[in-house]
Every structure is written in structure tokens, then in C-alpha cells.
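Chains as they are written, first to last, in the numbering used here: chain V, 1 to 407; chain P, 1001 to 1127.
It cannot be assumed that every hint is accurate.
Here are the computed distance ranges between Cβ atoms for each label pair [stated by the list, open to error]: (1) Ala1011/P / Thr212/V: 49 to 57 angstroms; (2) Asp1098/P / Gln83/V: 35 to 43 angstroms; (3) Arg1073/P / Glu317/V: 52 to 60 angstroms.
Which bits of chain V does chain P cover? Going by a derived footprint, with three or more residues having C-beta under 8 angstroms, they are [to be verified]: (4) 83-91; (5) 110-122; (6) 180-190.
Calculated directly from the structure, the hints in this document are not laboratory data.
A quick note: this is a predicted structure, and the numbers were derived from the prediction, not measured.
No residue lacks a Cβ here, since even glycine has one placed at the ideal position from N, Cα and C.
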Amino acid sequence: MWRRFADIPYTLLVFGIFMLELVGLGTLIWTFALRTGQLVPDVFVEQTLIAATAITALGLLLLTAYILAYHVLSVPRERRRQQRLETWTDRWFGVLFSTEPTPTGRLGADATAAAFEIRERLKGSEGKEFSRLLEELRLGEPLLDRLRSFRLTTRLSALDGLAKARLPGSIGPLMRAMLDPNPVARFMAGRAVARTMSEMPPDARRDEVALTFARALELAALPPGASGEILLLLEDAAPVVLAALFLDGRLPAPLVRAALDVVGRHRLREFTDEAVSRITYRDREVRAAALRALARLGIAPPQASDPIVIALNDDTEFVRVQAARAAAYLPPEVAVPVLQGSMGDSSWWVRRASAESLLKLGPKGIGTLWAAANKHPDVFAGDMAAQVLLDAGIKAPQFGSGLSETA
Amino acid sequence: LRLESKKAMSAILVVDDDPISARLLELTLTPGGHQVEVARDVSSGQRALLAGHHDLLILDIFLPDGSGLEILRFLREDLKQAIPVIVLSGHRQEDFADRATKLGATQYVTKPFSLRDLLAEVDRLTG
Chain V
1 MWRRFADIPY TLLVFGIFML ELVGLGTLIW TFALRTGQLV PDVFVEQTLI
51 AATAITALGL LLLTAYILAY HVLSVPRERR RQQRLETWTD RWFGVLFSTE
101 PTPTGRLGAD ATAAAFEIRE RLKGSEGKEF SRLLEELRLG EPLLDRLRSF
151 RLTTRLSALD GLAKARLPGS IGPLMRAMLD PNPVARFMAG RAVARTMSEM
201 PPDARRDEVA LTFARALELA ALPPGASGEI LLLLEDAAPV VLAALFLDGR
251 LPAPLVRAAL DVVGRHRLRE FTDEAVSRIT YRDREVRAAA LRALARLGIA
301 PPQASDPIVI ALNDDTEFVR VQAARAAAYL PPEVAVPVLQ GSMGDSSWWV
351 RRASAESLLK LGPKGIGTLW AAANKHPDVF AGDMAAQVLL DAGIKAPQFG
401 SGLSETA
Chain P
1001 LRLESKKAMS AILVVDDDPI SARLLELTLT PGGHQVEVAR DVSSGQRALL
1051 AGHHDLLILD IFLPDGSGLE ILRFLREDLK QAIPVIVLSG HRQEDFADRA
1101 TKLGATQYVT KPFSLRDLLA EVDRLTG
């Protein structure tokens, strides 16, 4: 977007040019229609055509002049704004580290914006101290008021500011904003709660907030990607929210999928059993997410053996792919025979994942790949084994003569 | 709160396109006696490395004209410099940290971070 300021003049200008064009084109069509009926002379049509073209040229000229003038004026304006933000950054930094007095009186938009930007970048005791200062100066209150605005853009910008500010006192209104009729506002509210929660101390209050947040996430009914991003932003508070989510036996499948993705991404090994128990879930996306989480955790406990082996024969290709990846963490005596079988899968992706898992299984797996590269009954399985060995830079003299870099 | 530094007097290059982050780093490190130079993108970061000697590099990963890891690769492979490098990133995921460590990063710090902890780390690495 090339504009940051002056939305209203730009809208009025575009509307004015559009109306001019509308009148010009309307007159032109009307004149041509009259000419077709021989009701006006040629010269009149020519004059109208010239006038309509002139209107178009005038419109383009106005628009170009506006854009050029905008850039000429807005670049120094933006520079001045950056300077004011920098001045306030210096000042807030001084206040935080006790080298400057706390500002008093009504603080302007630049002071507030700089304060929220700084808060977003601070962690630990500095972040908490700065949040305390922002609450003391009541900088969050105008944003909380704007959450009630009927304009979506106002609500979104307030949610963005509150996500940066991470004010513990804003959690309640933000939870309510997670029930906003607009899904983008619900997502932004979820992000703001998650970022605020990520800095809460691990106490009973956080556990209580986690339970409410888990319920709010369920009611927000966001797509799995959006829920996943919110859960990732919880950082150290993620386990307590995930525990609350997994406690709910009727959790919707998209949220289960998002929660499992976060288990894998944050490497939360304490949720291994939750992942294992969902390998056989009714929803295929959840089955895949559970297997992906195990592969990311790098764990396949004994009770996961049978479900993973079963998942290698799942009807859905992407579930089989994830099962092949998770199988790399089963004991070699279990994994090697099943992966050897899935090397002959009809899907290229499953064959590839199986071969890569065999490679991870050490000498037994590599031996199986060598054998497959030489004499697997399925030619595609043999080719895949050879390709994975070549990609890994493993060369074996006993490869068949037909095996080459292009295998 | 107080910022305490060992007054190590080191030349530090900060490569970060975020003006607020860069300014906070400057404000944190300068009173500690460090000399801070700020670059905003990969190309100006590489130019700064070529132009002068630095004792420490603080590097953001996501830059407007590429990845901060390109600067790290440039430093280690082309310039063959072994100065300590602190990589800053908004990503907690281990694969980012692994990639940075493989390329020769000394420390991987996720944003947001504590300015005092970072200053202590800078003092440790330059002391």
C-alpha cells in the first residue's frame, strides 16, 4: 500500500474522477445513440468525443498530481513521525531505567505508539515493569474503549495495540473480543490474549485464565492455522492452555489439529501420550497432525507402535506420509520391516518418507535400503531407495550396474 | 531498573531493519562503553563488515533484502572472521536456531528479549 495517511481526500478524489468519467461516458453513449438515429450532426458527435477524452485526460492528470503531491508531502511527514517516535523511544528507555522522570499529563499518539512498540520488544522483568508503567499511566484505556467501536478497522487497530502492550488488565475485555462477529477480530483478540498470557507468571491466576482461554478458543471457531498461530504465541504458557484443551473430550477437530501442531513445534514432550492417543482419531487431518507431532518430538513410545503401523496403511496419502516419518522413531526391529513394505506404496511421497526414515534408523535401515536398491520386487521402491542413498552421499559397491546418479 | 555494564569498549555492528529494536540496542549498549554501528539490511551489513573491524555482530534474521544468515555466511566463509555473533529472531522454533548455529552463530536469542540479559551476554562475549 503506497498510502499511510489521508484516506478521505484520496477517496473523495477517486469518487470525483469516477463521477466525471461516468457523466462523460454517459453523454458519449447518448450522443452516439442520437447520431445512429440521424438526430444530431457529425460535428456534434466529434465535439462530444473530444470533451469526453478531455475529461478522461483531466481525471488522469488530477490522479497523477495527487499521487506525486502525496509522495512529496508524506515522505518528510513520515520522517518527522519517525523522529518523534525515536525521541519518545529514548525518553521511555530513560524512564524504564530510571534516568528520566515519568511523563505526566495527557500523552499524545506518538508517545503511546512508541510505548507500545517498546513494550512489544521487552521481556522478563523489564517487560513487566514497563507494563506496570503503562497501566499506571492508563495508556491502554483508549484502546479498550475502541474495542467497542462499530468500525472493524478501529477494533482491529485497538487489538493490535493491546497485543503489543500485553497489559494484564486487558485480558478480560480481550476474551470478550474473541466472541466478535468478525473472524479477523476474533483472531486478533486471540493473538492479543496469547501474547499477554505468555508473560504471566506460572500461578493459579494463569491456570484460571488458561481454562477460560481454552473455552474462548473453542467458541471462536477459527481455522486450524489461525488457532495454531495463537497457541504458538503463548510460548511458555502454551502447556497450560494445551492441557486445558486436551481435557475437553468434545474439542472440535480443527482445534485438536492446531493443538497437536503446537505440541510438535514447541517440542512439548509432556504431551506425547495426547499425540499417540489421536493417531487413530476419526478425522484424517488430526491423525496426520498427531503423527507429525510425534515425528517432530522425535519420540515413538511402545504404545505408539501398533497405531503407527496401522497408519502406514491408512486410506489417506498424507496420513501414510506422516506415519512413515514417525516410524523412524520406532525400534529398528519394528520399523524396518514395515518401512520396507511401505517403500512399495503407490505414492511417491510415502516411498520417499519411508526411505528417509530407513536412513535415519542406522545400519539396519541403510542395509535395507541397499538391499532394496539392488533387488526390491517393486522397481519404484528400488529406485527410491537408490535415490535416497545417493542424496545422503552413501555409496555401496554392491549396487547394481544399472544404478547411477539419475536413479 | 538499572543497566550495568563492565565498560568493555567494543565495536559492535547491529544489523536490524526494525528502527525501534535497533534504537533500543543502541541505547542499551552505548552507555556500557560500546561503540555501536547500525545497518538496516544485508547489503549495508556486508558493506559495514568490509569497511571496518568489529568485535561483535548482532544480527536479525529477517531483513528487507534477504536473510541475516547470509551475512553470517559472508562473515564466516568469505571474510573468515571468527568474531562472536548473536542472532536475533522472532522464531523460537529449533530449526531456525539449528541453522544459525550450523552457520557459526555464537548465540541465538529470540525476540522479545531482556535488554539487561543481552547486555550481560555482550559483555561476556567481548570481555
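Consistency of the hints with the structure:
{"no.": "1", "hint": "Ala1011/P / Thr212/V: 49 to 57 angstroms", "verdict": "50 angstroms, holds"}
{"no.": "2", "hint": "Asp1098/P / Gln83/V: 35 to 43 angstroms", "verdict": "40 angstroms, holds"}
{"no.": "3", "hint": "Arg1073/P / Glu317/V: 52 to 60 angstroms", "verdict": "37 angstroms, violated"}
{"no.": "4", "hint": "83-91", "verdict": "holds (count 4)"}
{"no.": "5", "hint": "110-122", "verdict": "holds (count 6)"}
{"no.": "6", "hint": "180-190", "verdict": "violated (count 0)"}
Hints 3 and 6 from the earlier list are contradicted by this structure; the remaining hints agree with it.
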